[in-house]
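Student: So you can see what is in the structure, the chains are spelled out below.
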Amino acid sequence: MSLGLAYRVRIEPSFSAWREEARLLLRQGIAPDQVELVSTEQDHAMTFGFAPAPAPDPALAIQKPSVPKAFFELAEIVCCHKDPDRWQLLYRVLWRVQHERSLLLNELDEDVARMRRMDQQVRRDLHKMHAFLRFRMVSTPEDPEEHYISWYRPDHRILELAVPFFAERFAVMQWTILTDYASASWDPQSRAVTWGPGVPRSEAPPEDELEGMWRSYYSSIFNPARLNTRAMKAEMPVRYWANLPELNILPQLLAGAESRVGVMMQQQSSLSANTYVPNDHTLPVLRDAIPRCEGCELYKPATQAVFGVGLAHAPIMLVGEQPGDMEDVEGKPFVGPAGKVLDQIIAELGFDRDTMYVTNAVKHFKFVQRGKRRIHESPNLKEIGACRPWLLAELDAVQPQVVVCLGASAAKSLLGAKFALMKDRGKIVESPYAPRVVATIHPSAVLRAEGETKQVLYNYIRQDLALAAQTAGLAG
Amino acid sequence: MQVQQKLEILADAAKYDASCASSGAKRSGNGTGVGHSDGMGICHSYTPDGRCVSLLKILLTNYCTYDCVFCVNRVSSDVKRARFTPQEVVDLTLSFYKRNYIEGLFLSSGIIQTPDYTMEQLITVARTLREVHSFGGYIHLKAIPGASDLLIEQAGRVADRLSANMELPTQQDLVQLAPDKKIDVIEETMSQIFEHKAEADEDRKTASSRATVKRFAPAGQSTQLVVGATPSTDQEILATASHLYGNYDLRRIYYSGFSPFPQGDARLPLRPAPLVREHRLYQADWLMRYYGFKGEELTTPEQPNLDLTQDPKLTWALAHREFFPVDVNKATREVMLRVPGIGYRNVERILRIRAYHPLSLEDLRKLNVRLKTVTPFVTTTDHTAATTLDAMHLPEAVVIPAQMQLFDAAVGASTGQI
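Line by line, the protein sequences give chains A and B. Mapping to our numbering: the first sequence position 240 is 240, numbers consecutive. Mapping to our numbering: the second sequence position 280 is 280, numbers consecutive.
There may be inaccurate statements among the hints.
Claimed, not checked - Here are the computed lysine to aspartate or glutamate pairs in the EDC-like style, where the Cα-Cα straight-line distance is at most 20 angstroms:
(1) A/Lys418 <-> B/Asp78
(2) B/Lys294 <-> B/Glu236
(3) B/Lys197 <-> B/Asp249
(4) B/Lys26 <-> A/Glu168
(5) A/Lys372 <-> A/Asp354
(6) B/Lys372 <-> B/Asp327
(7) B/Lys366 <-> B/Asp327
(8) B/Lys366 <-> A/Asp109
(9) A/Lys423 <-> B/Asp180
(10) B/Lys294 <-> B/Asp307
(11) B/Lys366 <-> A/Glu430
(12) A/Lys82 <-> A/Glu146
(13) A/Lys382 <-> B/Asp201
(14) B/Lys214 <-> B/Asp307
(15) A/Lys69 <-> A/Asp111
(16) B/Lys80 <-> B/Glu8
(17) B/Lys205 <-> B/Glu195
(18) B/Lys330 <-> A/Asp119
(19) B/Lys214 <-> B/Asp201
(20) B/Lys182 <-> A/Glu168
(21) A/Lys69 <-> A/Glu41
(22) B/Lys214 <-> B/Asp203
(23) A/Lys82 <-> A/Glu12
(24) B/Lys366 <-> A/Glu21
(25) A/Lys332 <-> A/Glu377
(26) B/Lys330 <-> B/Asp249
(27) B/Lys366 <-> A/Glu168
(28) A/Lys64 <-> A/Glu21
(29) A/Lys64 <-> A/Glu100
(30) B/Lys214 <-> B/Glu195
(31) B/Lys366 <-> B/Glu348
(32) A/Lys382 <-> B/Asp78
(33) B/Lys26 <-> B/Glu302
(34) A/Lys69 <-> A/Glu21
(35) A/Lys418 <-> B/Asp91
(36) B/Lys372 <-> B/Asp382
(37) B/Lys366 <-> A/Glu107
Hints in this document: simulated from the structure, not taken from any laboratory.
So that you can see chain A by itself, here it is in the shape it has in the complex:
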């Protein structure tokens, strides 16, 4: 077919216009290579060189074209494609289908493959329009009714295909979709669409105040440790971005992501003694390493780290909370007033502290300075967790039969944050870190208590230590 000589039929860009022309052509028996179907969109100036219509060929004429349903379904989509060649392609396939009944099933046929490709492209464009169209709510004091307006540019002529989706989804809203080639407005009362002409992007509605909220959401839901803009662009090509309110903060998000990851990593690693604990879990090696620990912030104001003392393979390990004022200065656990209480109970039970191993859940003294005095402050869960690797290393080195947690901090370290000390003290319980653990009250509680309570608490510790000794197989 040489240019300018073919018989040319101009098609208004709509499926029904094409169908009318195609039916006429089939009836006259005009084969696809005798005619050129062009779109009126592209064919403004090309009015020269029309060939006259070829003579109808009764032998080829088809009065009642038989068209498989599959062809119609495909053609309705393909005719929205912007490819100017689509009308010709559709006619050629229609013509061939008259003789090759199962043509559409052969996806390897060039015409069929092309039609299917165009079908996919239009469907994808339609899917993206359903996804990426954004309404902006407009209401004025004069017209307080909420009106949702969108300006969107699809790749293909798909407004008509797209409208039923929005009509079903937003049936109760008053909305308008503007594109560069046509527009559609929905009226929730009459439940009907009004079609109109296209408008340029400059006619798009002004920013909606809810977009700030949406941007906040968008910035909060991604994981900065897993940036993958390649995957993002593959699914949401850059040409759509102008339409998406959340995307205009993308540069800031990307710039901020790396530093957010850095902070995440640093915060996590700075809150653990893990990296300071040697792999060799023997007491001399551990004791040697602990002065260098900066696993949390407590090392800064404290005098020194206080490591455990006692028998290397003791059957009982006592775990206190943290060193106090005197322990911090002397570098040994339980040498202050609470230690005296502990010693007294142990002696009453007929044991010796030297046959046990004594340490703390947190190795540095935490305090607040009041004038010249340093007032004890309990470590928080973060600090207890950060120091836990030291305690676990000691457990591993000593391998005690029974662990006694003195007070809530030690119990939290080994038995979890929700362990209820007063409810569950004095029982043999299992911890993820040690098979047999008994929690009891901290000896300092005895010092602080008054009146009868003092003796009650004292007796609790005594009973619980006796239980621990019995469990460990010690005879008092």
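Dock chain B against chain A, hints included.
Tutor: Just chain B now, kept in the frame of chain A:
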């Protein structure tokens, strides 16, 4: 606290849940409120980490009484806390939905007071959306393990999907890292969902008018497994997955590579699980669900983890060379599904096309099959793989080099090619 601040905190807290799907439930527009669902699911945006934004995915609150070590919201973590009122969530959902930002709501929560109380709060939000606003969009609710059967039933009546998260693949892992979670409690909840759904589906099948029978979680249930927070192997993870798919008819399992977060616990790994491990698990999961593979075929006692360098289907093929070559013009669907490089869609297309004419390599290429991967394993009209199958260096020849991990580059610990 302003709603916007709450949104930042409670969206941030929800981002560790991988699921954001809105597919699987068809719901027509009801004419009195906004919303419908065509069953396909729509991603309205994509985040810079390449993930789909389909739902408003938030927690009702990130206060939590549990102390799961791997979770940023555990009681002992000192993250900022916030709590939405149910009405605030309803308003946000509707405002976002009307502007076409989202397909619906995915609401989860920290455990406050008791599992029942927490579940009731989530149901209140969904019920307000459905009953007061006739909302027809997608709703995914977290099913709180241990909540009463009655509440699970109520949740399923208003939600499209329910999910009870397993999080860790073995009871031992849970003891270590999630002392408040028990596998049998989670499975009990899954089983309640399964039974209510089976019952509702049965009722709809036998009812004379389907419209009169209420649906129960039409998009089914899903769960999430955190990968790489414990030393559990892929074999154990896939065994758990098979068990869950088999017993509770799960629609999907999400595998979420462990990712470090602020104030993480010292028991956790400092570095994230490699993204590619998560990817291999998804591939294995698809092979189990759509390709007729059994979980135990994909790993071996000697190799309990999936090979990070290649697709698990290829690993299987290289270990079962006696199975090949497969003649694409004669083989059954089941056999063809096992050929590396041919996906299940292409299997269907090949079956359709070969009824009209036998396929050559060029035909496969037209179907966008990667010939380099597929030629060692197939026979076509113009090619037989018999000679290449025993060739040396076959794995190297067919494996696609993996992409470098962006994250590794970011922390300056690049391992280069995996």
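Student: Taking the hints in turn, state whether each one holds.
Tutor: Against the structure, the hints:
In summary, the hint linking lysine 418 of chain A to aspartate 78 of chain B is supported, as the alpha carbons are separated by about 15 angstroms, within the 20 angstroms threshold. With a CA separation close to 13 angstroms, the supplied pair lysine 294 of chain B and glutamate 236 of chain B stays within the 20 angstroms bound. As the CA atoms of lysine 197 of chain B and aspartate 249 of chain B are separated by approximately 10 angstroms, the hinted pair is consistent with the 20 angstroms bound. The hinted pair formed by lysine 26 of chain B and glutamate 168 of chain A meets the criterion: a straight-line CA distance of about 13 angstroms does not exceed 20 angstroms.
About 34 angstroms separates the Cα atoms of lysine 372 of chain A and aspartate 354 of chain A, which puts this hinted pair outside 20 angstroms; it is violated. With a CA separation close to 16 angstroms, the supplied pair lysine 372 of chain B and aspartate 327 of chain B stays within the 20 angstroms bound. Between lysine 366 of chain B and aspartate 327 of chain B, the direct Cα distance comes to roughly 18 angstroms. Compliance with the 20 angstroms bound is thereby established for this hinted pair. Taking the CA atoms of lysine 366 of chain B and aspartate 109 of chain A, the gap is about 10 angstroms. The hint holds against a cut of 20 angstroms.
Straight-line distance between C-alpha atoms of lysine 423 of chain A and aspartate 180 of chain B comes to about 18 angstroms, which keeps the hinted pair within the 20 angstroms bound. Proximity of lysine 294 of chain B to aspartate 307 of chain B is assessed by CA-CA distance (about 17 angstroms); at most 20 angstroms being required, the pair is judged to hold. Taking the CA atoms of lysine 366 of chain B and glutamate 430 of chain A, the gap is about 63 angstroms. The hint is violated against a cut of 20 angstroms. For the hint pairing lysine 82 of chain A with glutamate 146 of chain A, the CA-to-CA distance comes to about 34 angstroms; that exceeds 20 angstroms, so the pair is violated.
The suggested pairing of lysine 382 of chain A with aspartate 201 of chain B is violated, with an alpha-carbon distance near 48 angstroms, which exceeds 20 angstroms. A distance of roughly 45 angstroms separates the Cα atoms of lysine 214 of chain B and aspartate 307 of chain B; the hinted pair therefore is violated under the 20 angstroms criterion. Restraint check: the Cα-Cα separation between lysine 69 of chain A and aspartate 111 of chain A comes to about 18 angstroms, which is no more than 20 angstroms; the hinted pair holds. The straight-line distance between the Cα atoms of lysine 80 of chain B and glutamate 8 of chain B is roughly 10 angstroms, inside the 20 angstroms bound, and the hint therefore holds.
Straight-line distance between C-alpha atoms of lysine 205 of chain B and glutamate 195 of chain B comes to about 15 angstroms, which keeps the hinted pair within the 20 angstroms bound. Annotation: proposed proximity of lysine 330 of chain B to aspartate 119 of chain A is violated, straight-line Cα distance about 30 angstroms (limit 20 angstroms). Our distance criterion of 20 angstroms between C-alpha atoms is met by lysine 214 of chain B and aspartate 201 of chain B, whose separation comes to about 9 angstroms. Our distance criterion of 20 angstroms between C-alpha atoms is broken by lysine 182 of chain B and glutamate 168 of chain A, whose separation comes to about 44 angstroms.
Distance check on the hinted pair: lysine 69 of chain A and glutamate 41 of chain A sit about 28 angstroms apart at the alpha-carbon level, beyond 20 angstroms; violated. The suggested pairing of lysine 214 of chain B with aspartate 203 of chain B holds, with an alpha-carbon distance near 9 angstroms, which does not exceed 20 angstroms. Pair hint lysine 82 of chain A plus glutamate 12 of chain A holds up; C-alpha atoms about 13 angstroms apart against a cutoff of 20 angstroms. Of the pairs offered as hints, the one joining lysine 366 of chain B and glutamate 21 of chain A is violated, with about 33 angstroms between alpha carbons and a cut-off of 20 angstroms exceeded.
Between lysine 332 of chain A and glutamate 377 of chain A the alpha-carbon distance is near 18 angstroms, which keeps this suggested pair within the 20 angstroms criterion. Simply put, lysine 330 of chain B and aspartate 249 of chain B have alpha-carbon atoms about 33 angstroms apart, too far for the 20 angstroms limit, and the pair is violated. With a C-alpha separation of about 38 angstroms, the suggested pair lysine 366 of chain B and glutamate 168 of chain A falls outside the 20 angstroms cut-off, and the hint is violated. As the CA atoms of lysine 64 of chain A and glutamate 21 of chain A are separated by approximately 14 angstroms, the hinted pair is consistent with the 20 angstroms bound.
In summary, the hint linking lysine 64 of chain A to glutamate 100 of chain A is supported, as the alpha carbons are separated by about 16 angstroms, within the 20 angstroms threshold. Only pairs whose Cα atoms come within 20 angstroms are accepted, and lysine 214 of chain B paired with glutamate 195 of chain B is accepted, the gap being roughly 15 angstroms. The suggested pairing of lysine 366 of chain B with glutamate 348 of chain B holds, with an alpha-carbon distance near 15 angstroms, which does not exceed 20 angstroms. Our distance criterion of 20 angstroms between C-alpha atoms is met by lysine 382 of chain A and aspartate 78 of chain B, whose separation comes to about 8 angstroms.
At most 20 angstroms may separate the alpha-carbon atoms for a hinted pair to count; lysine 26 of chain B and glutamate 302 of chain B exceed this at roughly 45 angstroms. A distance of roughly 19 angstroms separates the Cα atoms of lysine 69 of chain A and glutamate 21 of chain A; the hinted pair therefore holds under the 20 angstroms criterion. About 35 angstroms separates the Cα atoms of lysine 418 of chain A and aspartate 91 of chain B, which puts this hinted pair outside 20 angstroms; it is violated. A threshold of 20 angstroms between alpha carbons decides the hint, and for lysine 372 of chain B with aspartate 382 of chain B the separation of about 15 angstroms falls inside it, so the pair holds.
A C-alpha spacing of about 9 angstroms is found between lysine 366 of chain B and glutamate 107 of chain A, which places the hinted pair at or below 20 angstroms, so the restraint holds.
The structure fails to meet hints 5, 11, 12, 13, 14, 18, 20, 21, 24, 26, 27, 33 and 35 from the earlier list, while all remaining hints are met.
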